[in-house]
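Given chain P, work out where chain G should sit, using these hints.
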Amino acid sequence: MESLDELENQSIYIFREAYRKFKDLAMLWSIGKDSTTMLWLARKAFFGRVPFPLVHIDTSYKHPVMIAYRDRMAKEWGVELVIGRNSQAIREGMDPTKGRFVCCNALKTQGLQQILDEHGYKGIFLGIRWDEEGSRAKERVFSPWDKNFEWNYKDQPPEMWDQFNTSFGPETHVRIHPLLSWTELDIWKYIHREKIPVCPLYFAGEGKRFRSLGCVPCNFPIDSTAGTVEEIMRELQVTKTPERAGRAQDHEAAYMMQKLRSLGYM
Amino acid sequence: MSEHDTLRIVIAGHVDHGKSTLIGRLFYDTGSLPEERYREIERTCREQGRPFEFAYLMDALQEEREQNITIDTAQTFFRTKKRPYIIIDAPGHKEFLKNMVTGAAAADAAILLVDGAEGVREQTRRHAYILSLLGLRQVVVAVNKMDRIGFRRDRFAEVEEELRRFLQSVGIVPSFVVPISAREGDNIASRSGRTPWFHGPTLLSALDAFSAACDISDLPLRFPVQDVYKWDGKRIYAGRVESGTIRAGDRIVFSPSGKSTRVRTVEKWGAPDLSAARAGECVGLTLVDELFVERGEVIGTAEDVPAEAREIVASLFWLGNAPLRRGRPYVLKLATSETEVTASSIDERLDSSTLEVIERHADRVENLEVANITFTLSRPIAADVFETNPRLGRFVLDDGGFVAGGGIIREVRTGAPGGGTRVIRLDARLATEPDGNFIDLTAEPGPVEFDLSAGFADRLARGEQVVVRIRSADQLEKLARLAFGHGLVLVFRRDEDGSKATLSGRGEESVVVYDETGPII
Chain P
1381 MESLDELENQ SIYIFREAYR KFKDLAMLWS IGKDSTTMLW LARKAFFGRV PFPLVHIDTS
1441 YKHPVMIAYR DRMAKEWGVE LVIGRNSQAI REGMDPTKGR FVCCNALKTQ GLQQILDEHG
1501 YKGIFLGIRW DEEGSRAKER VFSPWDKNFE WNYKDQPPEM WDQFNTSFGP ETHVRIHPLL
1561 SWTELDIWKY IHREKIPVCP LYFAGEGKRF RSLGCVPCNF PIDSTAGTVE EIMRELQVTK
1621 TPERAGRAQD HEAAYMMQKL RSLGYM
Chain G
3 MSEHDTLRIV IAGHVDHGKS TLIGRLFYDT GSLPEERYRE IERTCREQGR PFEFAYLMDA
63 LQEEREQNIT IDTAQTFFRT KKRPYIIIDA PGHKEFLKNM VTGAAAADAA ILLVDGAEGV
123 REQTRRHAYI LSLLGLRQVV VAVNKMDRIG FRRDRFAEVE EELRRFLQSV GIVPSFVVPI
183 SAREGDNIAS RSGRTPWFHG PTLLSALDAF SAACDISDLP LRFPVQDVYK WDGKRIYAGR
243 VESGTIRAGD RIVFSPSGKS TRVRTVEKWG APDLSAARAG ECVGLTLVDE LFVERGEVIG
303 TAEDVPAEAR EIVASLFWLG NAPLRRGRPY VLKLATSETE VTASSIDERL DSSTLEVIER
363 HADRVENLEV ANITFTLSRP IAADVFETNP RLGRFVLDDG GFVAGGGIIR EVRTGAPGGG
423 TRVIRLDARL ATEPDGNFID LTAEPGPVEF DLSAGFADRL ARGEQVVVRI RSADQLEKLA
483 RLAFGHGLVL VFRRDEDGSK ATLSGRGEES VVVYDETGPI I
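Chains as they are written, first to last, in the numbering used here: chain P, 1381 to 1646; chain G, 3 to 523.
No lab work stands behind these hints, which were simulated from the structure alone.
Keep in mind that the hints are not guaranteed to be accurate.
[Said to hold, decoys possible] Lysine-lysine pairs mimicking BS3-like chemistry, simulated, CA-CA at most 27 Å apart:
1. G:Lys232 <-> P:Lys1401
2. P:Lys1442 <-> P:Lys1569
3. G:Lys236 <-> P:Lys1455
4. P:Lys1502 <-> P:Lys1403
Since this is a predicted model, take the numbers as computed values, not measurements.
In isolation and in its complexed conformation, chain G is listed as follows:
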């Protein structure tokens, strides 16, 4: 990777916390603002009788300038001594979240901007959560408008503390938290004399410390077939290497068809001697056997083929105006595959700002909500879990021809939906909440068997208890058998939150199961 690689930065945060102003400042301080653009903004501001407004650099649409808001994401360019940057300005208004997502999905890193006086607000949290769901892990926090709060160290520390706590809950560790004033230029390009107590980097040095898109050539090969051309008597399988490397002579396997052959040539116009292609390269392949495969199949190697997914468990954010409904068909687009899917269960609906669970076992997801969903696919596709391979572990949902949601894959199930028995080790699913231990099985649609480690059985026998949220009578029966086998107590209850079984070591009887009317076993 050369150090001149462009880094794409999205600036996210609540409305009016100063995103567009910060962008103007970054431009100005790095000498990237063409004089004529500066004069054009000056002129427009003067005509409107306002002070010079950096925000006009990005807010180019008339509606944006007149209403002082950013409507759509805009992309622009500046450079530091280290490298060129593309800055993506993401609107802070809730109703423009789809534009924010469009911008943020293309970024390598993010600046999360928060007003030092106002502190963390609704869109600060929502944007942070979306960044995390988009897989962005390089984040710097800028606490803006320090001039308005007298560059007070204690106030900065308060905001920093509040932010760090929230970011941790969505799995983001900011590389730096920098006190700035975008309007006055403090700690942007040069250190401010007004924050002598701050010893971290300036915002620009913090950005320069990020790395450009991570190198995914080291991951196993994934080459989704984008198209097949039949030209000049040969069949060319066109596509982009999403991860890994492909070489002439490699033995390859298509997923999900399972067809297998060898690569004859790797082709690119103007590069006659090409023998391999790495992650990110768009090439064409000719194969030893001219197989009939369609767009959407993914090439891997015999040692590592992507899973043939029949069911996908995913975290999804929904941008559609109409709610996502359980049981309704959608088109899932993953790499080059397009497959009809249904949300077979909506396990949790979450508020994308507070992260609170709105509902379990829901039948719909509303605009701007996040949900954990199990999708049943109409036919198998090649897919990976996001953490293993981000390129094949993310997808969008298409509703009526438009992208209406995006998600990352948490789990891939290869058995027929509802078929096959899964063995679940209960202690591997244990989560601790303020009100005690719990295990959530509501996302398990099919037949299950349970297992328990000796250590966990001991903990229960010594008096700990765990609440198991269950989905089916089958799960209840299996839990009862487990309790019987380990000499534990099982109590079943059903309330507005769903069905629950409590496993514990107390009590004389080995198994007691109740419903509202009393003991049933």
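The following block holds chain P by itself, in its conformation from the complex:
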């Protein structure tokens, strides 16, 4: 079996396990290429339908192109979209000048926590991948986060042979990661093969493109002339720059992402 087929089948298997095991599920859709691919895979798993809502955490700093793309695709694919916002923090003027750690934690992590609490979701699909960044490389497919929204990365239960841990305490929510073993290049190859429409910001204009999508103040485009999916695939085969190089929050301090993630960041 070809690698892409193997990855696709593995993701479908994970989706179906989660759907069988958890009642209150939702999928986090960041509008980026990974979670859009994840959404496509959910439709594959459930024969064209998406039997749970999509949650977008809107920090209010997202690029308008992302928001327009989100609303267009949600309508076209007929998915239920739930927008989460930490309105109080936004009203009080939270922005990266307060510190990137503080801002990410307030607008993203707490934004997510609020929407989980409000809707009572017990399981949430996240499109993170092992090859993105060090602390994500340590993740399990089914990953429990306790009532304080914390990840106990020092003592994770074993996971083997596609037997996932699915009985967690009532105060726990579980994060399900159907894309863990995909690489950035796999994602683009799959987007190419399946012709998945992705957000236009990924494609170069005036010598720049976004390799990873985030909030406007903290996300910087890379120098690139890749204007098509094929050109992006070619670029990735020669680049020596990591995917998240343009994401300022990753680089502000040592172990920043580990700290953010142990508190519930995606």
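Relative to the frame of chain P, chain G by itself:
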């Protein structure tokens, strides 16, 4: 299988034998390390006033870097000219064995790393044993830190010899044993001038010689039902083909319910003309008769249905903090089935590093031990013996909601537990130990009848003897009858090791049975 299939490699071995360093080296030498990652590691090392440390590539957590250990398994990616690889770094500390197992269970092949100066250590052996219990057979051994021992051929040969002997005892034949220095790059991507006496491949060529996950499409069909969806007025049986191939029109049988029908369609979103699915594919089936079957049932063909197991004999490694106890209920998860089971007998407890039997007929298995156990199932499930079909021959045990152990099935019993008589041919069970021949019947809970080949009866008559470890008075009685029938001598003894009966051809009387107080028959 395309040659670009990704190969998943786990790197196992004792703590400090250089796993994380080797991974850094593989990355560096294959040009797979992004410059920025390299600079980030350089910066962190400089801030901490240490030399450049490749280990930081995998040990990303602060605790790991500060304590110089790998806590959890990490996955990362590199590529050679031949194909892409996923590298799984498995922690070498004993207390993180569950993380090692998590990593190793996902691998197609393994590098077993051993420090050339230190030689084989506790976790080297334990990891090798776990790899074998996980069914991994593609293993390359890397003898690391050759620079520390002056690239000496004799020392390398010593370590190689010691390792090969141990690996053989757990059923692993390494494809290559390669002398390397991960820190200095010898024999990793290119041949080292410092080991002119070594004529084998470099580590990377050894990896390139492995094959990706074996093709199990040729095995009989196994399609465990994962879920049943009732959408748009149809019933879709969702699942993954674990082995074999399923086609529209096939006559199929569900196990253990025994229900039977034909496949109407094989469905996948975006593939309207699909007519078959092969091993590894997740699809949906619609059936000619819309049967009521539940998740956990396994579809096979009329010619080859998986066994309806009521009892399972398995080799199991235990990762639970609380011991596994005989008689206590656990949930056994095999493919998509979940069944309450009890360990009806713990036939042997073994030290997972030395492979020594700690105890026979035990009543518990402690953390990190391996055991041979007979499980009684609360209801029958479809199962295969591991050697016949690995996908349906392995399981995990769930204790209180978490995976606490994993095992492979050695034997499936289909009769009601304790019911039905099994005929056992004694010479088929014969094992030879340093102190003589023995046959172990302690794992046989039910009624038995014995049989003996003429050749084996002759050997005994000529003076050989065999010690039979027995479980019950019923077995003793049947052995006595057998001895009587073949004109052999039977001596019964009970010591701290359990009950034993010795069968031999010597002596005048045909049957003598003793206990501590003297002859009883």
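Review point. Are the Cα atoms of Lys232 of chain G and Lys1401 of chain P separated by 27 Å or less?
Key: Since the Cα atoms of Lys232 of chain G and Lys1401 of chain P sit roughly 17 Å apart, the hinted pair holds (cutoff 27 Å).
**Study point:** 27 Å limit on alpha-carbon distance, applied to hinted pair Lys236 of chain G and Lys1455 of chain P
**Key:** holds, 26 Å
Practice item. Given the hint that Lys1502 of chain P pairs with Lys1403 of chain P, test it: the Cα-Cα distance must not exceed 27 Å. Key: holds, 7 Å
Exercise for review: Take a quick look at whether Lys1442 of chain P and Lys1569 of chain P sit within 27 Å of each other, Cα to Cα.
Suggested key: holds, 26 Å
Of the hints listed earlier, there is not a single one the structure fails to meet.
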